[in-house]
Structure formats: C-alpha cells, structure tokens
Amino acid sequence: MTADGPANETRAKHHRELLQQMLRIRRFEEKCAELYSAAKIRGFLHLYVGEEAVAVGAVGALRPEEALVSTYREHGHALARGVPMESVLAEMYGRSTGCSRGRGGSMHLFDAARRFYGGNAIVGGGLPLAIGLGLADRMQGRRQATACFFGEGAVAEGEFHECMNLASLWRLPVLFACENNRYAMGTALARSHAQTDLALRASSYGMPAWPVDGMDVIAVEEAAHRALAVVRDGGGPCFLELRTYRFRAHSMYDPDRYRDKAEVEQWKVHDPIDGLIGRMRTDGDLTDSDLEAIERELSDELAAAMEAAEAGPLEPVEDLTRFVYSERS
Amino acid sequence: MTADGPANETRAKHHRELLQQMLRIRRFEEKCAELYSAAKIRGFLHLYVGEEAVAVGAVGALRPEEALVSTYREHGHALARGVPMESVLAEMYGRSTGCSRGRGGSMHLFDAARRFYGGNAIVGGGLPLAIGLGLADRMQGRRQATACFFGEGAVAEGEFHECMNLASLWRLPVLFACENNRYAMGTALARSHAQTDLALRASSYGMPAWPVDGMDVIAVEEAAHRALAVVRDGGGPCFLELRTYRFRAHSMYDPDRYRDKAEVEQWKVHDPIDGLIGRMRTDGDLTDSDLEAIERELSDELAAAMEAAEAGPLEPVEDLTRFVYSERS
Amino acid sequence: MTTTETTYREALRVAIRSALTRDDRVFLMGEDVGRYGGCFAVSLGLLEEFGPERIRDTPLSESAFVGAGIGAALGGMRPIVEIMTVNFSLLALDQIVNNAATLLHMSGGQLNVPMVIRMTTGAGRQLAAQHSHSLEGWYAHIPGLRIVAPATIEDARGMLWTALCDPDPVIMFEHGTLYAMSGPLDDAVQAVDIDKAVVRRPGRDATLITYGGTLRISLLAAEELAGEGVEVEVIDLRSLRPLDDATLLDSVTRTHRAVVVDEGWRSGSLSAEISARITEQAFFDLDAPVERVCSEEVPTPYAKHLEEAALPQPSDIVDAVRRATRDGR
Amino acid sequence: MTTTETTYREALRVAIRSALTRDDRVFLMGEDVGRYGGCFAVSLGLLEEFGPERIRDTPLSESAFVGAGIGAALGGMRPIVEIMTVNFSLLALDQIVNNAATLLHMSGGQLNVPMVIRMTTGAGRQLAAQHSHSLEGWYAHIPGLRIVAPATIEDARGMLWTALCDPDPVIMFEHGTLYAMSGPLDDAVQAVDIDKAVVRRPGRDATLITYGGTLRISLLAAEELAGEGVEVEVIDLRSLRPLDDATLLDSVTRTHRAVVVDEGWRSGSLSAEISARITEQAFFDLDAPVERVCSEEVPTPYAKHLEEAALPQPSDIVDAVRRATRDGR
Ligand SMILES: Cc1ncc(C[n+]2csc(CCOP(=O)(O)OP(=O)(O)O)c2C)c(N)n1
Ligand SMILES: Cc1ncc(C[n+]2csc(CCOP(=O)(O)OP(=O)(O)O)c2C)c(N)n1
Ligand SMILES: [Mg+2]
Ligand SMILES: [Mg+2]
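Here the protein sequences line up with chains A, B, C and D, keeping their order. Our numbering numbers the first residue of the first sequence as 1 and each following residue consecutively. Our numbering numbers the first residue of the second sequence as 330 and each following residue consecutively. Our numbering numbers the first residue of the third sequence as 659 and each following residue consecutively. Our numbering numbers the first residue of the fourth sequence as 988 and each following residue consecutively.
Check before you lean on any hint, since a few could be wrong.
Said to hold, decoys possible - Label-pair restraints from in silico Cβ distances:
no., chain 1, residue 1, chain 2, residue 2, range
1, A, LYS261, D, SER1169, 29 to 39 Å
2, B, TYR582, D, ARG1309, 51 to 61 Å
3, B, ASP562, D, LYS1291, 22 to 32 Å
I should point out that these hints are in silico values taken from the structure, not numbers from a laboratory. Computed from a predicted structure; not experimentally measured. For glycine and all other residues, C-beta sits at the position ideal for the given N, C-alpha and C.
For reference, chain A alone in the conformation it holds in the complex (with noise of 0.2 Å):
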C-alpha cells in the first residue's frame, strides 16, 4: 500500500547499500586472489570471502567518530569503515600511495582519519589496543564505542581473558565482535576450545553477550545497533559472538587439507551475499538491473584501483628508516 512506499522505499536504499557494500568486498577479494596469483600482490593474504556480512553489519553501525581494532584479516573492515579501496589495494602493491606507505601490506592496513587502528598479525593482539582507546574515551569523557574483531581462535589467549576482565571490571566502552568461522587456520573450534559456546564463555566475565547469525548482514546490524546501544550509553562491553565461514583458505599459503569439502559446500548454501539477493528479491526490492548497476559500478572502481596501484611511486629506499621515531618539526 502507498502507505508503506517511503518505508519501503528506505528499507530498499538500506539494502541496496548493505548489497554493494558486500559485493565491493567480495569482488575486491577475488581479485585479490588474482593478484597474488600474478605475484602482484606478496606476503601473507588472507581472504574474508564469506564473511562479508560481519563487517558490512557490524562496522555500518559505528559512528565516523568511533574507533575500530581488526586484524591481518581485514580488508572487509577496511573497505566497511570506508578506507579507499585505491589505498588498500596500493598498499598491498607497496606503494608510498597505500594506506600505510608500502609498510603494511595486506595484515597492516591502517587509517588514522578514520579510526581504523588496523590491521594486527598477532592474534588477541589488538584486544589491549581496543580496551585502551575505550579507556581513553571514557576518561575524556566520549560517550562512544570502540570495536575489536578478532577470531574465536584468538578466545583461546591468555590476552584475551586479560582483557575481558578488564573491560568488564572497568566497565570500558567496547563491543567484542568475535568471528567465529569455527576455524583457526586447521584448527576446529571444539580442538581449541573446552567450552565451544563462545557467547556463553563471554558472559562469564559479566558483560552481555550472544550469538547472532553471521552470515545475515541484517541481523548482524541489527545486534551491532543493540549492542553498541548499551556499550555508548555506559552499560560497559559487549560480546557478539558472530557466527560465519570462511569460503576458502586460512591463507593463499593453506593447502585446506583439514575440513571437508562437502562442509564447505554446505556452508556456501548460507553465501550472505546470496541470501541478501534473495531477500530483497522477494520484497521487491532489487531487480536484475540494479543489481547489474552495482556489479558495473564495482568492476569500474576495481579497475580505477588497479591502475592507480599499478602506477602509484614506490617509497624511496632513502626513506626505510623514517617513521621508525617520529619527525620532529
């Protein structure tokens, strides 16, 4: 009814943005495989091929004022937070034109600007970092959140029970968003874990905590919104546990020897991007032209970023040692 035409008409918008922000990540990636292939790309590359609806949901819902923690598998939280994808991609060429000068390369990205505090390669290493941006905030009195990605793998550090604690008993401003892609790099969750409910583990450090279905961007939204709802009003951290899947290896390096693939199969059927489609085709919200609009719109951005990368300078080798100390002026 006629009465419902704007509120559709904004629930499409909504959509049609989550739809292309998952899309942008997963065409970004996919070329990404490529370029590693070409030897374009080097180093560790780690895919999130399948997850995109977590940091699509979950970094949509921060605000641009709002700091952000990841890990080497970033490039989703990147591109969600809103880093360009010509910088990413240049850095993983290592070009003085990527987002942290050809230093980083794919597990380093980084944005001050926007409060994207990277990219870590240790794992439950950007925990410490998250509660202390959080603690910072609250001592200068921000109302706002700050989220740590990490994996379930990383539940089992000594790092991240310290830091549970501590935002627990501090009562920091800061949303845990776990994803669980019940994997660290061969390792299955129940060989890592004595208690495999992870939201259940997080709770008993006193905060709120539940699983949300990962793999459908609006409910991982819809959790996010509520969960930094209480973490922003002072309520203190959060933990989603978001459950997901990774499509294809830990790294370009994973032979994948240890699940099955019949799982993976099984796994796909859940693609959020998929099942995104299909959700606003049954609410007539997406038609084969808008989706083509999208597909046509990315691959134009992909190439732009390609040939930036590719023509972006490399860092003069005089200048290895800068940024080591910082520049007095």
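Assemble the complex: chain A is given as a structure, and chains B, C and D with the ligands must be docked to it using the hints.
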C-alpha cells in the same frame, strides 16, 4: 559408646595429626618472621599464617607419587608434603644443606624426591608446569593427579585462562587449588576480578569447581579427596576455590595499608587452628597435655632445625655456576 | 639554589606528581600503584591526591594493561604504565615489541605512541633467579623504543617529564637498589634531556662506561684507582637507546682505554654492543681491547655470598681497569 | 654413500619421525602441527603416522603449551614443542626464561628440563614488521638455554636427535627461507654434534662469521670475492649458545680480519657479542676492526624493495670484507 570406640580413636588420631601439622607450619613461620627481623633470612618472605588449613587439608589428600606445584607462598605446602623442616630452613639461610642448596631461598623450595616442583615467584607461572606434569602422567598411563596451588590474583593472568582451557580440553589429571585469600598484595578480589565467584569462573571451562571453607581443615580435606577421586578417575581437571585469609602482611616489605585491622580481626575469629582445637575439645579428642606435648615436640624440632641451619655450610663460591647446565657423567 | 635532601624514590614521586598536575592527559596505571602505595612506595599518597581514575590499580594482567596503555596513548592520553619489575615485563613483551615499537612504522607514520613504561630492574636484594633480571639490553635492541635509565636523583626526577613529552614510547628502568639512595636535590624542578650520556667523573687514563644500578660501584672503583694514580673517566649512559656514541668516543679517543660495566649477563648484554661500537669507531685509538665487567652467566642465586659473586663488584672493575691500563699510560 | 635429494623441510620431518620412532617419550606439540600438516608443512603426514597423542594440535595458547612442554619434560617425557614462529614466542618467553632456563639452578641441580623448542625465524618473505623478527640473539643471552641454528640440510636432519639427547632445554631456530632449500642428503641417518662451529669454506684473507639464514648469502659473497682474489673463510656458528670461541679465534688469528653477518638488528644483536669476544681475545692479532653486516634498525617493511634494503645483502657483505681487507693483505 564402646561401639564407637575404634572409630573415635581413628578420628581423634587423625585430627591430632591435622592439628599437629597446622601448628607445625604456624610455629615455623612465626619463627621465620623473627629470623627475618634478625636478618638471618633475606629476600622476599611470604608467610602463610592463617591459611594453614588449605595446605594441610589438600596436600594431605595427595599420594606420595603425585606431583605438587606451588607459589612463592609455599612453606606450608612444602612442610605438609614432608620436605624436612631442617632443609627448608637451611634453604632460607642460604646454606648448601638447604632443599635448593641455597640457590632458591624462601620462594624456591624444591624437593624432586617428594615430587615437590616448587616454589614459583612468577604469579601464574606454575600453572603450565602442572598441566604438563599431568600430561606426562596421562601419556605414560599413570592414574594419578598433579596438584597446583595458586592465589586468586593469578586468576587474572592470561596463563590461568590458557591452562584452564587446555586442561579441560585435554581432560588432564590436574587439581587446581586456588587459595582465595581475598587480596593480591594490596588489591582486593573485587578490584581485580569482574567475576568474583571464582568457582563459577572455573566451571565456565567445563570442569567441576566449587568453593570450600578454607579455614576448616576437615572441609578442605574432604573436598580435596572428592576432587582427587574425579581427577584420578580420568574425569579431567577439578577446581577448588579455597576461601581463606592471610593474617599477616603480603610479605615482610608490606606495610599493610590497604585493609583495615577490623577486617583482619574479624577473620582471626576463624583461625583454622583454634577452630580445630575447639572441635577436638568438644569431641573430647584433645586434652591440654596433648596440646602441650605437640607444642613441646614442635619447639624441639624447630630448635633442632635452627641449630642445623646455623651450622649448615655455605655452598662454595667456586660452585657458583654449577647447575646452569646439567653435569655430564 | 636551594636544595632538599631527597631519596630516588621521592624524586620519582615528585616527577609523577608534577606530570599529573601539569597535563591532565597523564595518568599512572599498574599493579598496586594505588591502595598498596606502590610496590616500592614510589606512588605512595598519589591515589589520595589524584583519585582512582588517574592512579589506577590493575589486576595481574601485564599484557592487557600495558597494551591498554598503548591504546590509551593512541586515544589521546599520556599514560605512565608501571610494570612492577622487569621480570614481569616478559608477559607484556609482545605488546611492547609488536605494538608500541612498530605501530608508527607499520602505519606509515600515522600512529605514534606517546607513553612511558616504568619498571624496576636488577638484582642485589637476594630475590633469586626469577626476580633479579637485568634485561635493559634486550629492550635496547628494539627499533621504535627509547630506553632510559636514571642513575641519579636528578635524573629520577627530571627524566620522566622529558620522556612524557616524547611522541614515541619511552621505557624507563629504575634499579631496585637505588630507591633508598638519598641526596640533595635542587628545588627548582627542571626536566633533563634524555639524549646525552654524561661524564660523572673526568679522567685521562681510562674510560669507564656504565648506567643505572652500576654507576655507584663504578664511581667507587674510580675513587680507589685514583688512590693508585689511575684517573678514570666515568660515563653514565643515561640513554640506552639511542646510544650517545659521540660522548663515548670523545672520551675513549682521549683515554685510549675503555671498560664497560653492565649488570646484565655478559654474553649478549648491552656491554657487547658498546664494546663493538667503540672498536668499530676507535680501533686505531685503542691501546687495549675494550674490557667488560658483567654478571656471571648464571640465574641469580639467593644466597648472599653467591649473589655477590654473581654480580659485578668494585674490585672486578678495579681489576678490569688495571688490565686495560697494564701496559703503561 | 648413497644420497637422496632432500629439502630442509623434509630433513626436519625425517628427524622428527626418527625421534618419534626411537624414543616413545618423544612427542610433537604445537599449533597446527597435526591436521593442518604444519604451518610450513614440516610435520605433514606425521599425525596420520603417529596419531593425535604424539602429534598434538594445541589451541592458540603459546604460554600454556610451551610451559606444558616444560612440565611434561619434568614428568619424564621428551617434548618437541613447535612455536610456529619466533614472533609468537614472545608470548611464551616467561615460561622459557623463568622456568625452562632456571629450574635446574633454582632447584640446586634437582630438576633438569630435557626438551626441544623449535621455531621459525627471520624475514625475507614480505611478512612485515610483526612476522619478521630475528631474535636468536635474545635467546642466546639466557644462561640455562642452549641455542642452535641449522643452516644446512645435514644439520636440519642431524641436530634434533642430539638436542633431544641433551638433558637441558635446547631451542632450535629454523630460518623461514630455508625450508624449500634442496640438496643431496646422505641416507645413513646420523646425529651431528651441536657444540662446534664449522668452516663451510676455507680461506686465508678474512673470516666471515654467520649462522642460519645468512649462510647462503655469505657463501655467495665469498664466491664473488674469490673472483677478486680475496679468499674468505666462512664459518657457520651452528651453536649460538654456547658460542664456539675456539673455532672463531683459530680462524681470525690466521686471517687477522673478521666480518660478522647477522640478520638481527645491528644494535644488541648476536653480532655485537661475537665482535666483542673476538676483540677481547684476539685484539693484537687484528689488522682491522671487526665489521658487522646486520639488518637496518627498522621494523621490517612489507614492500619488497624496502625489505631488501633492510636486510643484509651479498653486496653489503662484499663491501664489509673489502673494508676489512682494504689496507692490503
Ligand atoms: C600469537 C599468534 N600465534 C599464532 C599465529 C599464527 N596464526 C595466524 S592466524 C591464525 C589462526 C587464527 O584464527 P582465528 O583467531 O579464528 O582467526 P581467523 O584466521 O579464523 O579469522 C594463526 C594460528 C599468530 N599470527 N599469532
Ligand atoms: C607476573 C607477576 N606479576 C606480579 C608479581 C608481583 N606479585 C607477587 S605476589 C603478588 C600478588 C599475588 O596474589 P595472589 O595470586 O592472590 O597470591 P597471594 O600472594 O595472595 O597468596 C604480586 C602482584 C609477580 N610475582 N608476578
Ligand atoms: Mg577463525
Ligand atoms: Mg591472594
């Protein structure tokens, strides 16, 4: 009635042993405090006064072949384990007749023959050793437990989390004996833990865990026997929260500013030794002359230990670098 | 200039107090810095003066609270993080080495980490193997960190503010034997520079290079040697990273002989780097090989006579200078 | 003697397999050593061959499983603990330094710790700052540890068994760039000694001292210099603690010139200790100061050209030898 005769006899005998052991630790440490003031003992000295029921009750439940790991507050565990008082005191005197040949001091008592693995001055540092000892027992088919003592402050360390998870995940035969004396140096339980119910925290790792009145040696002993039965039986690890209190300062350096005297006095009412004495008197298991006899014995043992320690030789300085590496035979 | 008799401990407290007063972004965080009054009474009274938000007692979670300090620095604060002793800093080393020291570079210059980490270091109090480490040399190996070691009351008071003004992480090592050292202190509070080594005693015959806890015995040795007519120039490094080569070389090219005194274990200690640098830059000015006086390569033993034998003594320094100056002056 | 073309990776696997076969107290424990097949495929196939009890996948809990290895060694096992890379070993450093290295001494000779810790080390694969550390020098500073670095296929196969027969903890560093190195290997499996350095190429004009990952480029440099008539003697340290001074001095007293090649950051790297020792013991035999070729003091950057500029290159070695031999031979 005569029917109870034998039963009463064994009970009386057993309680007298428990009392003798607690008094033995108490008198020993009171003497240590004096000797510290007299500069006979140096370094850090952490007294166990008030907590004796924990060591006597829990260590007593172990079998001779079962291993034991403790902390820097380990005089009670060492004595209860049967490490000769003479060699413990000689160690604090820094003599080569000491149980660590004078190299360890109060914080590093060791006795391999009694499977007493020390004496660890890093908070939480002993936990991984204990699960490793348990792993060795398991892999070598020995149906026995390893007991690991640590304070409630250690529960905040990442190592605690890692070890609890690993022990539970691998169902290792370890008894975690947490001595909750409510303070970590000057930091009260509630200032270091978001979840102050430590048994609840431990059970979140999927192991049996319950609180015990650590001021009641008989309650401790019963709980230890119950827990050890599970552990030896392949039931995986167990956790006991032994609620106790230290009557003295954290160490001889501690001015004890952080708690009020009334609280300390309040707890002294529950002195484990007075408690057992009272109970034995009611049961008619203890006469004044029994008590005098025990005290006399103890002061004789203590006097002998001091004499031996005083007379004990010092390790030759030429041997300084012995035991950095094993001596090849 | 008016002076007040002050201890090293009090000088540090004055420095912390004035920093807290001058800059409200500054706060002190660590184990027992508040209610206990500081493990070595450095922060005694500051909790009452500045409150629990700015004098923060932490749980036993070294990795979490050091990392939280890094995050808080990223968030605009100026944390002073106290790690009770260098021995426990091993538990926070990942945060220091992989985050504090690398973020600026990995982010291509975007993220500097303005924080000061204070810790007690060294042996000499019969605290045995786990509580007597001297790992300054380890930290001085890490690019991205600045390492300072106040050896005098003036430096104890003056270095902190300079360090807090530094845009990058500074680690300050306080030797455990210095806290009680007392002397007259100029009342006019002034910051000192942390870039340059200083000559604590001029001399022409040999250069004695040391820092922190061993300055005192180096000056004693110089005194004794002066009695024999050997004039030793004693240099206090003050900054361990970067090292002030200029001051060292200026002296060595005059004296043609150098002796390095370092409480670290000889192999791989800071003394090795200093010896190598002097030889590299002044080889043809040297009349004798650079001598090193370090600790014996043994875990520090408890017994007094063994600990003394393990640590550098004035007589060892005297002997080393005699060796270096043997072949006439 | 019959030989088989073998990679360094396969040689390590052969060594682990034969150890598991020869001694049933031996087991392998670490992250992804089993189902994943080993991060660098060293243990590929061993899980299927020896089962999950002896090829143990661990959770991401470095401190717990390394400490558990120490405890298991105390309990009669012979653990081979794999820490995926040296970068993560920082999280286990407390267990290694405060337990593995000190227990024998602290216990007055009662508790030796027979275990082997294997870890990958080094840069050169564009893994950036947190995944490119070379901390061999740090470990070589610790009394109580033995440090070895197999640089050849023979040593990769032969050192493990010798290390397992050692009654004390041995740390084995495998440089990440060596796994794919291939060459003929004598089929007659034999253990090699881990005490002595070896001359990999004889020469009379200068001594080139290196180990592990930089042996290859050192031999390349020697080759190039031979073309100019400069005959360089190349020594592979093999054991980093203890250092085999005799072999080094025998060479230097013949060549009168020494150059140390070390991938560690220059300041405080193992190269400093070697330089200091040579100068101390052969000062009057040296015709030039000991030269050092090390990594630039910068967190390892991702971009290929920057990483190469940061790491020692053959041309740097050639230049250093030229400097050392400049003033005629
Ligand atoms: C402290 C540490 N240990 C080991 C590694 C090697 N490693 C990198 S990623 C990874 C698995 C982490 O799994 P998880 O936390 O679930 O994140 P995911 O990769 O699944 O997103 C491991 C073991 C590391 N980077 N840091
Ligand atoms: C890792 C580490 N951090 C800090 C210290 C200093 N310290 C020694 S004992 C102690 C308190 C420990 O409290 P708890 O675990 O409750 O044991 P308790 O002393 O009460 O028996 C502290 C902070 C240490 N020894 N190790
Ligand atoms: Mg995962
Ligand atoms: Mg306690």
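Hints, verified against the model:
no.	hint	in the structure
1	A:LYS261 / D:SER1169: 29 to 39 Å	holds (31 Å)
2	B:TYR582 / D:ARG1309: 51 to 61 Å	holds (58 Å)
3	B:ASP562 / D:LYS1291: 22 to 32 Å	violated (58 Å)
Comparing the model with each earlier hint shows a violation of hint 3 alone; every other hint is respected.
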